[in-house]
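A.B. asks: Residue numbers (my numbering), protein chains in the order written: chain A, 3 to 326; chain B, 3 to 326; chain C, 3 to 326; chain D, 3 to 326.
Hints were generated in silico from the structure; no laboratory data involved.
Each residue gets a CB set at the ideal place from its N, CA and C atoms; glycine is no exception.
Any given hint could be a false lead.
In the BS3-like style, the derived pairs of lysine-lysine whose C-alpha atoms are separated by at most 25 Å in a straight line are [said to hold, decoys possible]:
| # | chain 1 | residue 1 | chain 2 | residue 2 |
| --- | --- | --- | --- | --- |
| 1 | C | K17 | C | K303 |
| 2 | B | K303 | A | K212 |
| 3 | D | K303 | C | K212 |
| 4 | C | K101 | A | K212 |
| 5 | D | K212 | B | K12 |
| 6 | C | K130 | C | K242 |
| 7 | B | K212 | A | K212 |
| 8 | C | K312 | A | K101 |
| 9 | C | K12 | A | K101 |
| 10 | D | K212 | C | K303 |
| 11 | D | K12 | B | K101 |
To spell it out: a stretch of chain C is covered by chain A in this simulated footprint if at least three of its residues, at any positions, have a beta carbon under 8 Å from a beta carbon of chain A; those stretches are [stated by the list, open to error]:
| # | segment |
| --- | --- |
| 12 | 38 to 52 |
| 13 | 108 to 114 |
| 14 | 154 to 168 |
Cβ-to-Cβ under 7 Å is the rule here; a few derived chain D residues that face chain A [as the list claims (entries may be wrong)]:
| # | residue |
| --- | --- |
| 15 | D63 |
| 16 | G74 |
| 17 | K76 |
| 18 | L98 |
| 19 | G102 |
| 20 | H105 |
| 21 | F281 |
| 22 | Y284 |
| 23 | G288 |
Next come the chains, spelled out residue by residue.
Protein chains: 4
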Amino acid sequence: MPYGEDECTKRLQSKFAQLFETEVTVFPVTTGTAANALALSVVVPPFGAIYCHSSAHINVDECGAPEFYTGGAKLLTIPGSNGKLYAQDLKNAIALSGKGVVHHVQPTAISITQSTEAGTVYSIDEVKQIAEIARNYHLSLHMDGARFANAVVSLGCSPADITWRCGVDMLCFGATKNGAMAAEAVIFFNRDLAQTFGYRRKRSGHLISKMRFLSAQLEAYITNDLWLNNAAHANAMANKLVTGLTNLPGVELCYPVNANEIFIRLPETIIAGLIADGFGFYRWEGEHSTIVRLVTAFDTKAESVDALIKAAYFHSIMVSSDRI
Amino acid sequence: MPYGEDECTKRLQSKFAQLFETEVTVFPVTTGTAANALALSVVVPPFGAIYCHSSAHINVDECGAPEFYTGGAKLLTIPGSNGKLYAQDLKNAIALSGKGVVHHVQPTAISITQSTEAGTVYSIDEVKQIAEIARNYHLSLHMDGARFANAVVSLGCSPADITWRCGVDMLCFGATKNGAMAAEAVIFFNRDLAQTFGYRRKRSGHLISKMRFLSAQLEAYITNDLWLNNAAHANAMANKLVTGLTNLPGVELCYPVNANEIFIRLPETIIAGLIADGFGFYRWEGEHSTIVRLVTAFDTKAESVDALIKAAYFHSIMVSSDRI
Amino acid sequence: MPYGEDECTKRLQSKFAQLFETEVTVFPVTTGTAANALALSVVVPPFGAIYCHSSAHINVDECGAPEFYTGGAKLLTIPGSNGKLYAQDLKNAIALSGKGVVHHVQPTAISITQSTEAGTVYSIDEVKQIAEIARNYHLSLHMDGARFANAVVSLGCSPADITWRCGVDMLCFGATKNGAMAAEAVIFFNRDLAQTFGYRRKRSGHLISKMRFLSAQLEAYITNDLWLNNAAHANAMANKLVTGLTNLPGVELCYPVNANEIFIRLPETIIAGLIADGFGFYRWEGEHSTIVRLVTAFDTKAESVDALIKAAYFHSIMVSSDRI
Amino acid sequence: MPYGEDECTKRLQSKFAQLFETEVTVFPVTTGTAANALALSVVVPPFGAIYCHSSAHINVDECGAPEFYTGGAKLLTIPGSNGKLYAQDLKNAIALSGKGVVHHVQPTAISITQSTEAGTVYSIDEVKQIAEIARNYHLSLHMDGARFANAVVSLGCSPADITWRCGVDMLCFGATKNGAMAAEAVIFFNRDLAQTFGYRRKRSGHLISKMRFLSAQLEAYITNDLWLNNAAHANAMANKLVTGLTNLPGVELCYPVNANEIFIRLPETIIAGLIADGFGFYRWEGEHSTIVRLVTAFDTKAESVDALIKAAYFHSIMVSSDRI
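The following block holds chain A by itself, in its conformation from the complex (with noise of 0.2 Å):
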């Protein structure tokens, strides 16, 4: 049966349940803006604004996505260290926004990330903090889990506690980068939310019609640990890859690393060397930046983490040799 009539899309929603211990609706989805977006859409209206932090996915890298299925709804970004929002500072924007005035637009979504963009991970208690300030104004919690499977395992906890236990309402699941072809579930703990998802889904285009290639995927990825091996082996390369590169002089780390994602300052020298031994990255605020990102995966090999902190060793003492 097509569009997820199929038995296998079918059992998602009891093999979901099961994982996060709690009832919940899932609509799999094949990339992360669509989840984002969609999740978004059910419940902020054109009028309305979603709160997050200025570095995230949702208002950098989706070209207006949540915009657009919204239709028009306006994100009002808080800066916050290590990629963070945090409670107080959400708590007096939200004084600030003119609630019940129409002048402005109205507080309806909060949205964080995790891991954050920074590559940090929100602990229980700073995401409970902000479910808080989302229940005292009536706001919905949403949560871009594009990493989710890194902060679960970083954190040590189960997915339900860092999620509808704190108080999450929908939670976009994430599986293309830690291992999937193309393949997201957007998952609602506030059940009563999910009604209208099914609608705004066909009428974006994200209704596949041969679903099990899609649901096929994620049940996969939550079998048998699949999903937590993957993201702890990406945690482990991103550990090793830092344990590395900050025995070097000159290197300074721009956030904690919790899981799979590094900002690193490294000399020039070093990162031109690198550039041209072959590695590939960002540099990570523009195209001068001394600042790069380094993310570690799924399929990220030992030996290639090895290679890299050789090479920028290598580097480094070329540097140093020069100076003398």
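With chain A fixed as given, assemble chains B, C and D onto it according to the hints.
C.D. replies: Below, chains B, C and D alone, put in the same frame as chain A:
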């Protein structure tokens, strides 16, 4: 490289250029609804109008996707026999549309489906006549090719003959219904129109990060005539099915069968009998309708067709003998 | 106080409540298009559908405003004699709409125009029958009352009788065509629906800062039956005009004339003669049509009507004598 | 003739051309929010970005109107002293915007407010520098001129000098705040941009049928320097008020006062005293703020200003004597 910067995706440009005997700009997406809505969105402003047949998929079966992607443009529907738009009807409609008058939505595109939702196929001449109207009124011509392969096989022409050589500006080239997992290609013959497509695709969440898995399907599909062989098989099976069923008393074809879809009125006893036997198909115009749709595919087996025909005969005879 | 916090605007709530003999929530806006589109936008989601007559102003003459304000909902049009929707046709259409099926836009509202675009008036019974369909299918019932005054006068009923007592949820109460400079009132009988209207009005630029100048028009309009007296005059002038013209040979009314609009087929010689005389009106279905629309207003003078009739007689006789 | 086909509306084209010493295309609308959002919508695609100051009216006080009218474009805000955008900050922001990269919204317009939301006025040089950035990056330059008259008076320049001669493409020329009932004019200096405006205005419900009543306000406003005289009076009253208040101890201006708006920190006792006396004004940053906004207008009386100053002195002395 992610997001379509891989070699396979890049190869698609030249492979499709070869297939269509002209330079084209190609964008892979995962669904036909996304392909149609994105393609239309690049040419139709929010205050624009799209002419299409009343039964068009974009009008009936996409939950308003064209309206969503265009920011609220209007589909102006025209009925027409055998599921087709006819040039003269179009001309009459445009003449009354109030072009240039601010009170009315403004004609900007024509959309036709090849093969049509009635299972018929536009002739080259029919498309040329529509394209002439499009040219005269400065409208873009879009072809929904969810079943394009079946039409090309049916016409026995080259893909170019029935598209850009007639005056088609953009084609949604379907592969999913004809063998792919989830793969469609939006093809711009009028390449100037393609400029904003990339942003719109990203913004709608249809830019797949591991694009190579999508492009690989399309590449295989158009290599060694796989797409045509698949469609030829589906068409042959439809032909076989029609021949078998139309020999039965009380049976009436709704439209000529040019491709792989059959709309046929059957005696209720045959329908009920087939359903009881476990055959699956839709009643076409409501739950009490005796018109059914039968679709054959790349993987329909001749034995299955024979079995359906045989079963229909059996139930037909049962009726006759009941009457005696 | 600006933005509707003035005394005059506040008074409108109770004045309209008195007029309609029930509690209402009232929002002044400057145009009928804004009134209709804003009212519909509060009940129709982007994936929703609005049933209306093919000739409805919202469908034909608002350049897609309902689609804009709803975020791309779809107008599903139904033809019907004398410019009216009929309950049975509606019921049939809804039955085939695929309610609950994600592939199809979802019925959420019905919009009727009182008096209609054909110059006819829905009877109380006709509106009740439509409202029953609305209730059964959980649809909102919207009334475009651009010429509401003319309908009330024509029916000789109270404003309440033809609106909320029938089951109308919201009315766009027009004043501009009946004497105001630029003033319409969106009236919610179902007051729960009004919650988001304020934000939507502001967001669309329809919250006038010096609202008192707008509200003052509406207050004067409904005071001392000014609105009804104006409409009664317009209707009487239409009646006088019809009586005069239908005595001529070769003249044919297109619809019964219940209010202040006349659609009438005239011999071309009369049309040409009247135009030459300086009378201004529209040919209704294209530039060669011999159907013309004649509209009378609050300020139409009896002498003007007499003059037109007299001129038509003159041109009619000219034709006859030409024939001799 | 309705819908702007009247003589008065037609005259506006040449009258504004004379006023601005160049050919222009002018569209009257009723509110500043509509003017801004409609103007921006003609140049900014749904995936576009608009640069503006963090405090811009379009960003803070229009309930998301620009997002609505553009189909979900993004406002990228830049802080800047005295309520102004500065060319260098703009340049830096655009350099990091990812122009041409599909993951990011695409810069398409810059919007500045003259006079600014801080009551300051951009110099001709400042606007020229911003326009140069706009030109270099192929962005349109929009000026929100809700208080344009006050700025022109303040600068003592011609309207042309501070708009198209600097490189402004379109101006929302406000009249409502400076004496009109409800009248703003969207003025296109780059007339090519005006092509779709008519459809967008109609579609948003902002095409007034009896346009003459709107146009008449604008005509009167720009005749015999009425607009400049009104603004000169308002500016003079602001100047008088500032002079009076800044003599008081504990008083601090937030920004230079260039036009008719004053943002000033006052001792709480003065604020409380003035409120008790019946003076009306807003505390600017939340209900406990001691920054207040004072706005003078075309009809502010010198006696009223004197009365406020006198009252402030009284409450100021009371504080001092309390301390003794």
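A.B. asks: Against the structure shown, which of the earlier numbered hints fail to hold, in ascending order?
C.D. replies: 1, 5, 6, 8, 13, 14, 19, 21, 22
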